[in-house]
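Student: All chains, please: the whole structure from these sequences, using the hints.
For the sequence shown, the positions run 1 to 322 when the working numbering is used.
Derived by calculation from the structure, the hints in this document are not laboratory data. Treat the numbers as computed from the prediction; the structure is a model and nothing was measured. Just to be clear, a hint being listed does not mean it is correct.
To be verified - With a cut-off of at most 16 Å between alpha-carbon atoms, the simulated EDC-like pairs for lysine to aspartate or glutamate come out as follows:
| hint | residue 1 | residue 2 |
| --- | --- | --- |
| 1 | Lys277 | Glu299 |
| 2 | Lys113 | Asp153 |
| 3 | Lys156 | Glu109 |
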Amino acid sequence: MTRPATAVPLAGALIGLTALAGCDRPAESGVQGYVEGEYVYVAAPSAGTLTTLSVRRGSEVTAGDPLFALEVTAETAARNEAYRRVAQARANLADLTKGRRPSEIASLEAQLKLAQTAAAQSERDYARLQLVGASAATTKEDLERARAARDQDRQKVAQLEADLQTARLGAREDQVRAAEATVRAQEAALARAEWDLAQRRQAAPQAGLVYDTLFWPGEWVPAGRPVVALLPPANIKVRAFVPEARVGSIRVGGQARVTVDGVAEPFPGTVSFVSPKAEYTPPVIYSRESRDKLVIMVEVTFPPDTAAKLHPGQPVDVQFQD
Numbered sequence: 001m002t003r004p005a006t007a008v009p010l011a012g013a014l015i016g017l018t019a020l021a022g023c024d025r026p027a028e029s030g031v032q033g034y035v036e037g038e039y040v041y042v043a044a045p046s047a048g049t050l051t052t053l054s055v056r057r058g059s060e061v062t063a064g065d066p067l068f069a070l071e072v073t074a075e076t077a078a079r080n081e082a083y084r085r086v087a088q089a090r091a092n093l094a095d096l097t098k099g100r101r102p103s104e105i106a107s108l109e110a111q112l113k114l115a116q117t118a119a120a121q122s123e124r125d126y127a128r129l130q131l132v133g134a135s136a137a138t139t140k141e142d143l144e145r146a147r148a149a150r151d152q153d154r155q156k157v158a159q160l161e162a163d164l165q166t167a168r169l170g171a172r173e174d175q176v177r178a179a180e181a182t183v184r185a186q187e188a189a190l191a192r193a194e195w196d197l198a199q200r201r202q203a204a205p206q207a208g209l210v211y212d213t214l215f216w217p218g219e220w221v222p223a224g225r226p227v228v229a230l231l232p233p234a235n236i237k238v239r240a241f242v243p244e245a246r247v248g249s250i251r252v253g254g255q256a257r258v259t260v261d262g263v264a265e266p267f268p269g270t271v272s273f274v275s276p277k278a279e280y281t282p283p284v285i286y287s288r289e290s291r292d293k294l295v296i297m298v299e300v301t302f303p304p305d306t307a308a309k310l311h312p313g314q315p316v317d318v319q320f321q322d
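Tutor: Rendered as structure tokens:
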């Protein structure tokens, strides 16, 4: 049967289109890969009911933006209790270092003055009896009695002077050190309570895309369970698999160009990692033929503005610049 006259021009047109389409494809030296994202999972260290979810999936956040909050009733009460314990410990320490109250010290001072007056009188009585000791009107017993009264009054004065000095000094040094240690322990407990309370509200540790939210308000969130998954632009990379015969020419820090379907211009990147081991290794001893099946994983990273245009899971073609 005679072929239609239009067949030859049509075949030629198809060949021409194929050639044009081939111009947009990477050169034969390119390798296949895909976009990979390393997510930042934000969680609270303790369990609780999710009360506030401040972001939604697909939104952009900057460092410090609020993400979510858990119920804080118990943590607020614990913080308030720890604060009161610190105040009590500090008051006890201040009381120990100040000594007795002014009214108690005034009472001791008054007693000391009375004792000093009595001691002065007993000194005069004893001295007078010594002067007249030779007369018949003074007996030996009277002189001994006067001496004993003088000594007793002296001891009373010395005792009150010591009591007054002790009252002004305050507590013993070991008691003060123990009170200071109690204050430090209570302050540490307060710091822990404040930290526990602060952890009930989580903010974005860095800028990025809210890739997913894993709980809804009202749900119980177990301790350490992520609530929000972030994808910072710096954590987006391309993983390509390079034949074993070519990996020797690829170095960390080298340049690469990544082509994505539907995007005319390739994305420039930098080789950040070359795997030290082969992927998809055949379970046989290496031979010249089996080496062709070996591939090495290579990772390519991008500036943040470029990485933001890539999406995890996208298939890409990668060309490495030797």
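Student: Determine which of the earlier numbered hints do not hold for this structure and return their numbers in increasing order.
Tutor: none
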